[in-house]
Amino acid sequence: MSDAKAIIAQRVAKDLKDGNVVNLGIGLPTMVVNYLPEDVHIIFQSENGMMGMGPAAEESCKDLDIMNAGAGYVTATPGAMFFDSATSFGIIRGGHVDATVLGALQVDRHGNLASWIIPGKMVPGMGGSMDLVVGAKKVIIAMQHTQKGAHKILDQCTLPYTAVKVVDEIVTEMGVMAVTPDGLLLTEYNPEYTVEQIQEATGTPLIISPDLKPML
Amino acid sequence: MSDAKAIIAQRVAKDLKDGNVVNLGIGLPTMVVNYLPEDVHIIFQSENGMMGMGPAAEESCKDLDIMNAGAGYVTATPGAMFFDSATSFGIIRGGHVDATVLGALQVDRHGNLASWIIPGKMVPGMGGSMDLVVGAKKVIIAMQHTQKGAHKILDQCTLPYTAVKVVDEIVTEMGVMAVTPDGLLLTEYNPEYTVEQIQEATGTPLIISPDLKPML
Amino acid sequence: MIDKVKTADEAVSVIQDGATIMVGGFMVCGTPKILIDALVRKNVKNLTIICNDAGLPGEGVGKLLSNGQIKTLIASHVGLNPEVAQRMNTDVEEDKLECVLIPQGTLAERIRAASTGLGGILTPTGVGTIVAEGKQVLTIEDKEYLLELPLKADFALIRGTVTDKFGNTIYNGTTQNFNPLMAGAAEHVIVGTCEVVEIGELDPNTIHTSGIFVDTIVGGEQ
Amino acid sequence: MIDKVKTADEAVSVIQDGATIMVGGFMVCGTPKILIDALVRKNVKNLTIICNDAGLPGEGVGKLLSNGQIKTLIASHVGLNPEVAQRMNTDVEEDKLECVLIPQGTLAERIRAASTGLGGILTPTGVGTIVAEGKQVLTIEDKEYLLELPLKADFALIRGTVTDKFGNTIYNGTTQNFNPLMAGAAEHVIVGTCEVVEIGELDPNTIHTSGIFVDTIVGGEQ
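Protein chains in written order, with our numbering: chain A, 1 to 216; chain B, 1001 to 1216; chain C, 2001 to 2222; chain D, 3001 to 3222.
Hints were generated in silico from the structure; no laboratory data involved. Some clues are possibly wrong.
Some residues of chain D that are not near chain B, with every Cβ distance over 10 Å (derived) [stated by the list, open to error]:
| hint | residue |
| --- | --- |
| 1 | PRO3057 |
| 2 | GLY3068 |
| 3 | GLU3109 |
| 4 | ILE3140 |
| 5 | ASP3154 |
| 6 | PRO3180 |
Computed cross-link-like contacts, DSSO-like style, restricted to lysine-lysine with a CA-CA straight-line distance of at most 30 Å [unchecked claim]:
| hint | chain 1 | residue 1 | chain 2 | residue 2 |
| --- | --- | --- | --- | --- |
| 7 | A | LYS5 | A | LYS138 |
| 8 | D | LYS3096 | D | LYS3006 |
| 9 | B | LYS1017 | B | LYS1165 |
| 10 | D | LYS3135 | B | LYS1138 |
| 11 | A | LYS165 | C | LYS2135 |
| 12 | A | LYS165 | A | LYS17 |
| 13 | C | LYS2152 | D | LYS3071 |
| 14 | C | LYS2004 | B | LYS1017 |
| 15 | C | LYS2135 | D | LYS3152 |
| 16 | C | LYS2004 | A | LYS121 |
| 17 | B | LYS1062 | C | LYS2165 |
| 18 | B | LYS1137 | C | LYS2006 |
| 19 | D | LYS3006 | C | LYS2143 |
| 20 | D | LYS3135 | B | LYS1137 |
| 21 | A | LYS148 | A | LYS165 |
Label-pair ranges, simulated between beta-carbon atoms [to be verified]:
| hint | chain 1 | residue 1 | chain 2 | residue 2 | range |
| --- | --- | --- | --- | --- | --- |
| 22 | C | LYS2135 | B | PRO1205 | 43 to 49 Å |
| 23 | B | LYS1121 | D | VAL3005 | 26 to 32 Å |
| 24 | B | ILE1207 | C | VAL2005 | 43 to 49 Å |
| 25 | D | GLN3222 | B | LYS1213 | 39 to 45 Å |
| 26 | C | LYS2135 | A | TYR193 | 41 to 47 Å |
| 27 | A | ILE26 | D | GLN3222 | 26 to 32 Å |
Here the structure is a predicted model, which is why all the values come from computation and not from measurement. Built from N, CA and C at the ideal position, the CB exists for glycine as well.
The whole structure should be built from the sequences, with the hints applied where relevant.
So this is what it looks like as structure tokens:
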């Protein structure tokens, strides 16, 4: 299981380019940081009001005034800047974030995303996710391919949307799928699985790229 | 003539209360500063991006980075703050300016104001005036009663509006008029003129206040 | 010059039952704890609280929730305080919490709209989702936007790092978040601040919130 | 890390005839003079200039006007540069200037809308005036507002006081004005700045414009 997460984080890291402004969601997406090559410098934005977020703060020297959007104490890199929430979401909504990496409950072939509510069961709120997926130039969903065997990648989301037609790419432990007008295009796969197994774990027909290659 | 201006500025100064946030237009309104009592501390806003504007800077020690909206070099008082134009007009439009004092080409009985354009003749642009008169809690027009004898205070403006139904009070060298639903109410007058003379200089019927008193 | 500096209890004495109150902070970071504590002591009820989140149980606005003072919570995220779900789903009518969820960027922009006198703003966020329900959709250059309206309050409780006696306030780090926005969107603004300094001590280029917005200053924030 | 520091002439080399350019400043205060001078040297034509005002004759964007480089000027005030009226009313078709006047607060907010991804904003400013012509009027809680749309540009020329090599910029005094707004509203942003410092030298609480907006940095501004 943690192996699956590591594979996903490692693969997403390859999508991020030197100089990119990136917002990582809570949980799995945060692990992406661990797999960035040394010569790739990413500027991390934290939607609670920071550009140039650094690694988590060590317990002994944490600054209680510097927190990330997941309520963890973090550091500021040289060249960092703090700002208010309107400025922060102005940066996000205005298309100044190159990529956001988020988890999901469901994604469908149209690029629709469901990630914030299971009616009658879980209502945590959307936080900044609705703005992030609408505003970021590239929306990467990083998640395990299925939820205990149940499909999460679907023809059509059944849970309420976070946003419609926003997802660009889905990265799971099984492969990488691009959202295209014709449906999901499997561009890379994890050789531990066959294409048939990946299709079986997916609730919508996959288009297999002629250039299909291993994901790592 | 300059005497008229002095009378107007002196009278407007009495409208400003200790602690008020005030934006003064260019020209005559600027003279109001000279007539404030010592115990009345006004916080002057300059729409180009300053709260707490002080007097004009002396030539010998002017800071080229600190200018007022009339392109004059000014000083910053202790407790001043600089901000960008969106913040500045957010303060203005958001109702956080207690009073603005501006000149006018024409004002009418409905509180309509014309001050920014004479079609075919003069097109300086509205600058910040349209926002100021819409946003400030109290709009005081400080101007000479007539333009070389021609009426400026009218039943209905003939020049294009700066804004409609925004003027609260008109202060001229002849008197003080409040805009009311019934028309202009003359509340104070300059004893150098008779009420008849003031009416004659005015292009709309004046309602004479039962409490009419001298303006200074 | 009016003296704006008061104790926390004096400061919140103007707040009555049923008030709508904005509270700054993001997961308690940048929340004025001493003002929350004073509100708990005053024990005003039926409050509408506008805040980014519900804090944690017993922390930040979570204290007001635990103490049964909140009737309606307007926030973007409440997942880290399980008491919210409990109170939303309770069968005890008088304990029931109404919770209105708003996307975080829209929450920020709606508060800013109230502060800056805009009648509303058009955002692409929420189009095609349940957030759009009941809202006007406008199409600008072939793209759909929701019309979102200003959000204002009777009071704002904000948290500063350094505040001069006029109320000019500087925030440190990520404590800034919603505080400067809320300062302009409420009728009456109380700032709980770590350090109160004399007027003129702050660099006018570095002030985040103008003192014109601030009615009351309370020192002693940690 | 990309090196963003260039000479003024290198910086403006990307600007071609017909470009739409935002220029910071308010009556030349906060206008990047060295970038204007470089644009004059490059002598690109048919520009659309978005600026608070027209500067003075031969000063600020007034230089571009005197040099016949501006086709359309979008501004809030042009009264202190008589050349604007002359060129608006000239009979020589190729010298004719189109001038679009926008209330200053609306100009700021339209630029901000472009920067922040809003589809538009509702302002009470201009209702009932010729500014409202051709614009949609929305009534919110019995008050009328104009729908004003985002204003963006190909380039922004902004003026900083101190800029680090990433592009993080601090403005001094009233030089701030439109500069931070324009930095987010243009495809390509060039900052002319008085002092270039190393990354890490600026206090992250006092930066006005994030380096993520800045493509090119030119030192030597006065």
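Taking the hints in turn, this is what the structure says about them:
1. PRO3057: Non-interface label stands for D/PRO3057: nearest chain B Cβ at 13 Å, farther than 10 Å.
2. GLY3068: holds, 20 Å
3. GLU3109: Not fine: 6 Å to the nearest Cβ puts D/GLU3109 too close to chain B.
4. ILE3140: Its Cβ never comes within 10 Å of chain B, the nearest being 14 Å, so this holds.
5. ASP3154: holds, 21 Å
6. PRO3180: violated, 5 Å
7. A/LYS5 x A/LYS138: Judged against 30 Å, a Cα distance of about 21 Å means the pair holds.
8. D/LYS3096 x D/LYS3006: violated, 34 Å
9. B/LYS1017 x B/LYS1165: holds, 24 Å
10. D/LYS3135 x B/LYS1138: holds, 27 Å
11. A/LYS165 x C/LYS2135: holds, 20 Å
12. A/LYS165 x A/LYS17: Satisfied, since the Cα-Cα distance of roughly 24 Å is no more than 30 Å.
13. C/LYS2152 x D/LYS3071: Violated - the C-alpha atoms of D/LYS3071 and C/LYS2152 are around 43 Å apart, more than 30 Å.
14. C/LYS2004 x B/LYS1017: With Cα atoms ~17 Å apart, C/LYS2004 and B/LYS1017 stay inside 30 Å; holds.
15. C/LYS2135 x D/LYS3152: holds, 27 Å
16. C/LYS2004 x A/LYS121: Not OK: C/LYS2004 and A/LYS121 at ~47 Å, beyond 30 Å, violated.
17. B/LYS1062 x C/LYS2165: Answer holds: B/LYS1062 to C/LYS2165 is near 27 Å, not above 30 Å.
18. B/LYS1137 x C/LYS2006: holds, 27 Å
19. D/LYS3006 x C/LYS2143: Violated - the C-alpha atoms of C/LYS2143 and D/LYS3006 are around 37 Å apart, more than 30 Å.
20. D/LYS3135 x B/LYS1137: Measuring from Cα to Cα gives roughly 26 Å; hence the hint holds.
21. A/LYS148 x A/LYS165: holds, 26 Å
22. C/LYS2135 x B/PRO1205: 43 to 49 Å: Given range 43 to 49 Å: holds, Cβ gap about 47 Å.
23. B/LYS1121 x D/VAL3005: 26 to 32 Å: For B/LYS1121 and D/VAL3005 the Cβ distance comes to about 48 Å; the hint is violated.
24. B/ILE1207 x C/VAL2005: 43 to 49 Å: Given range 43 to 49 Å: holds, Cβ gap about 46 Å.
25. D/GLN3222 x B/LYS1213: 39 to 45 Å: violated, 55 Å
26. C/LYS2135 x A/TYR193: 41 to 47 Å: Taking Cβ atoms as reference, C/LYS2135 and A/TYR193 lie about 43 Å apart, which means the hint holds.
27. A/ILE26 x D/GLN3222: 26 to 32 Å: With Cβ atoms ~47 Å apart, the hint is violated.
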